[in-house]
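Chain by chain, the residues run as shown.
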Amino acid sequence: MLSYSIERILEIVGEGAMTLGTYGGAINGIASLADGDAGDLSFLGNSKYRSQVADCGASVLLLPKDYEGQPRDAQLFILLENPSYALALICRDIESNLYSRPPAGIHPTAHVEDSAVVDPSASIGAFCYVAAGAQIGAQAVLENHVSIGRQAQIGKECHLFPQVIVADRCIIGERNRLLAGCVIGADGYGYAPVEGQHQRLPQIGNVVTEADVDVGANSTIDRARFGTTRIGTGTKIDNLVQVAHNVTVGKHCLLVAQCGVSGSTVLGDRVILAGQSGVTGHVTIGDGTLLYAKSGAMRSTEANEKISGTHGQNANLMNRIYVLQRKLPELFKRFEALEKFVESQK
Amino acid sequence: MLSYSIERILEIVGEGAMTLGTYGGAINGIASLADGDAGDLSFLGNSKYRSQVADCGASVLLLPKDYEGQPRDAQLFILLENPSYALALICRDIESNLYSRPPAGIHPTAHVEDSAVVDPSASIGAFCYVAAGAQIGAQAVLENHVSIGRQAQIGKECHLFPQVIVADRCIIGERNRLLAGCVIGADGYGYAPVEGQHQRLPQIGNVVTEADVDVGANSTIDRARFGTTRIGTGTKIDNLVQVAHNVTVGKHCLLVAQCGVSGSTVLGDRVILAGQSGVTGHVTIGDGTLLYAKSGAMRSTEANEKISGTHGQNANLMNRIYVLQRKLPELFKRFEALEKFVESQK
Amino acid sequence: MLSYSIERILEIVGEGAMTLGTYGGAINGIASLADGDAGDLSFLGNSKYRSQVADCGASVLLLPKDYEGQPRDAQLFILLENPSYALALICRDIESNLYSRPPAGIHPTAHVEDSAVVDPSASIGAFCYVAAGAQIGAQAVLENHVSIGRQAQIGKECHLFPQVIVADRCIIGERNRLLAGCVIGADGYGYAPVEGQHQRLPQIGNVVTEADVDVGANSTIDRARFGTTRIGTGTKIDNLVQVAHNVTVGKHCLLVAQCGVSGSTVLGDRVILAGQSGVTGHVTIGDGTLLYAKSGAMRSTEANEKISGTHGQNANLMNRIYVLQRKLPELFKRFEALEKFVESQK
Chain R
54 MLSYSIERIL EIVGEGAMTL GTYGGAINGI ASLADGDAGD LSFLGNSKYR
104 SQVADCGASV LLLPKDYEGQ PRDAQLFILL ENPSYALALI CRDIESNLYS
154 RPPAGIHPTA HVEDSAVVDP SASIGAFCYV AAGAQIGAQA VLENHVSIGR
204 QAQIGKECHL FPQVIVADRC IIGERNRLLA GCVIGADGYG YAPVEGQHQR
254 LPQIGNVVTE ADVDVGANST IDRARFGTTR IGTGTKIDNL VQVAHNVTVG
304 KHCLLVAQCG VSGSTVLGDR VILAGQSGVT GHVTIGDGTL LYAKSGAMRS
354 TEANEKISGT HGQNANLMNR IYVLQRKLPE LFKRFEALEK FVESQK
Chain L
54 MLSYSIERIL EIVGEGAMTL GTYGGAINGI ASLADGDAGD LSFLGNSKYR
104 SQVADCGASV LLLPKDYEGQ PRDAQLFILL ENPSYALALI CRDIESNLYS
154 RPPAGIHPTA HVEDSAVVDP SASIGAFCYV AAGAQIGAQA VLENHVSIGR
204 QAQIGKECHL FPQVIVADRC IIGERNRLLA GCVIGADGYG YAPVEGQHQR
254 LPQIGNVVTE ADVDVGANST IDRARFGTTR IGTGTKIDNL VQVAHNVTVG
304 KHCLLVAQCG VSGSTVLGDR VILAGQSGVT GHVTIGDGTL LYAKSGAMRS
354 TEANEKISGT HGQNANLMNR IYVLQRKLPE LFKRFEALEK FVESQK
Chain C
54 MLSYSIERIL EIVGEGAMTL GTYGGAINGI ASLADGDAGD LSFLGNSKYR
104 SQVADCGASV LLLPKDYEGQ PRDAQLFILL ENPSYALALI CRDIESNLYS
154 RPPAGIHPTA HVEDSAVVDP SASIGAFCYV AAGAQIGAQA VLENHVSIGR
204 QAQIGKECHL FPQVIVADRC IIGERNRLLA GCVIGADGYG YAPVEGQHQR
254 LPQIGNVVTE ADVDVGANST IDRARFGTTR IGTGTKIDNL VQVAHNVTVG
304 KHCLLVAQCG VSGSTVLGDR VILAGQSGVT GHVTIGDGTL LYAKSGAMRS
354 TEANEKISGT HGQNANLMNR IYVLQRKLPE LFKRFEALEK FVESQK
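Those sequence lines, one after another, are chains R, L and C. If you count the first sequence from 1, you need to add 53 to reach the numbering used here. If you count the second sequence from 1, you need to add 53 to reach the numbering used here. If you count the third sequence from 1, you need to add 53 to reach the numbering used here.
Careful: at least some of the hints might be erroneous.
The list treats identical chains as one, so a pair stands whether inside a single copy or across any two.
Said to hold, decoys possible - Below, a list of computed lysine-lysine pairs in the BS3-like style, where the Cα atoms sit at most 27 Å apart:
1) Lys359 - Lys386
2) Lys118 - Lys399
3) Lys118 - Lys101
No lab work stands behind these hints, which were simulated from the structure alone. Keep in mind the model is a prediction, meaning the values are calculated, not measured.
Using the sequences and the accompanying hints, generate a full structural model.
Here you go:
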């Protein structure tokens, strides 16, 4: 962690910030509200923690504009539209200092096939393998042990972390971040039953990711049987997520850890699949649909539906079901008493 | 994509196909019924899409023999027993043209220990590591960054994609396809409680896969505590699947993405574990059992059982439960009205 | 497998063992009760299998002290406090013979940056990459294709299996075992909504694991947004597990395969997350809490709670709900009959 002056902090978060109180020292750390101490910068990003602000010992706090409390002595409030994003801007500055960009060029231990084209401004790290006919764009960074398949294309300013695999003929859009160990373009899972055995259906399509896509560690996105498995602009995929062959994921979706999308399904834009949720194959999920954690969508959904439960119910209904399930023991008891009484009156 | 004549297509799909209509041009692409256009070949693989055939603009369609419609002008129907498999045969031909087999021999950047035995017809790609005493069979292909452990054996005609790991003493059967990043033979998860701590139980067994097994990207199959974790002939495993130590999986099973099998469980033949399903440890799953997506089998099953729900109910019962759950709000309301009425009569 | 004399077996399991019966030969294999044959050693580790002991053909059996049966001819019972742990001690001896420790030093194909510090007793395998400023402790083993980030620290006597990734600035405690393909320190999944897009929140914290932590194959533990994602002493993590950013996992926890913990959640000590379970973000899970397989904790828990069901109910209540759910078809039928009868009396 580096040392930041208040002036530099205000410069980074930009115009539109208002300040309340004073703090004259330097900022040497970032901490949560519960942990913040003198010399730290803290922030209120999730309103759940609002009550912790008053007791926070950090010297500088990033707070939403509507926060009504007052700073302590030697404490500065910076009031902004979006404290999380302001923090992000500060962290981005720290990050760029912590992790300097690796130098352009090809590491001596890497192996790039002759027919591959690597932009001179790209950085190819140790033990990377770039197959025949592949193209690596300007300013792209391949950390170590990255594997790029034949005729694959990596867009400009992409960052591929260690041991990422982009298989043959897949196309990665600009500014994608592919985290360690993810696999783009493994064969889709397709078999046809022939005389009691599963005959493999060759998967000759590819994967295309549009601009600004992130893919998490050890996630897998399969190549299409033919045609393309597509991930839309700005979609962010977490760790250990499965996207099957021939899926289309829309723009600005969030696919949270360990969720899965089955083959040939289409997700609209701004869909959110929470952790460990799943979508069955060959359905269409409307724009803005939200699947709660551990839920499963077994059918197509309309725009902005909220789905809950492993059998994919409307979330409002499912919440009532959860409440009533807890009353089942009592219901059975009362029902049996009632039944007995009615019987006794016959 | 390459260009195929009708004659070549008919040659590939083999005898027994009947044709209806005529198309004299070449085939330059494969497309779904919804996307097919002039010059494309399309197919009806899933009866769900039957109604799309009439509107399909593809020049050639692979259809089941019982399809009753008529082709348009300049459109050819090829009627066969199994259109999906016929398509597979065509795709296999395209695939073999798209992805030429890498040359036999050991890439100069690979490292093979002296005591390992590599068949001269095998191909060992860039940055592969083959440990002491390992054996690589005839015509096997190890793409780049593959890691083969001590005394491990890779059967003939296996294809190991980038960054596959086969750990010490594991044995991979003939014609296996191990997709990128899968791990065969990591230590099983075994601990014994000793004085409040978890003492590791060494895992000194191995993994054996029989012939024609496929393992998906980033899936994990653990070595046995002692003895063998075994995957039967023709079983196909999807991505991000977990098979724990000492499990036996039968022949021709399908383990779909993100499912898991706990330790020492035995799966019979032709078992299907749908996506995100799980089986508890130390149970026996009968031949032909089907676990629906997201279900959990918490007990042994008879042959051909169908299991649904996270607590592993009979699927017919579970389907009734799902329907009745949705009626719980109404049931509670009606019950309370009834109870009130009866009370009022007392 | 090697050959062990009875004397050597007794020496390994240590004092406190009692014997019953006699067997004069050597032990050449380890087998389950069902499979044990002459020359094998077997054991009763799980009381579920107690009835199999009488029929077991193994020559030597490790049994709990309270086992009441008698050995056959030429069969030896070894009665101990903890047969599983005794077996572990034997297996550990076999393991150390099977898998000799790789020699100290840096493999000629590995690449270690100049400013990294590798203890001379450590072993750095083929194609490992150790980045600038990293430190590798005494007796640590990095198998092949391991990737160590900048300023990362690997504790003494750690064992990192093939293709493990420890990212920049993460700190791995003493005697950790990181299984193949796991990723320690990928970016946390953090985004802020800014004008309808997801702006990345840089993740500038790290991961710290304390002593004696195991992490399973292809599991992922994300670096903190700032501060530290921490895994406590003696915690054992299975395969394909997700631990999100800023999580704190206590000591001696068990995180079973395919479970997940969402961001900023705190797990106490001795928590057990069974297979495919999940915990939501920003909650606190009390010491000794048990989540059953496939369950989801959507709230904080008290110490020693038992949680079941995807919506995270108390396990006793959930077990009653499971039973009553199966009776819903009958309840609806009886209710409708009762309602009809009462109506008819109006």
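Verification of the supplied hints:
Within a single copy, Lys359 and Lys386 get their C-alpha atoms only as close as 33 Å, which misses the 27 Å cut-off; across copies the closest is 24 Å, which meets it. With identical chains, the CA atoms of Lys118 and Lys399 are never at most 27 Å apart, being 69 Å at best within one copy and 62 Å at best between copies. When the C-alpha separation of Lys118 and Lys101 is checked against a cutoff of 27 Å, the pair qualifies only within one copy, where the shortest distance is 16 Å, while the shortest distance between copies is 53 Å.
Against the hints set out earlier in the document, a violation occurs for number 2 only.
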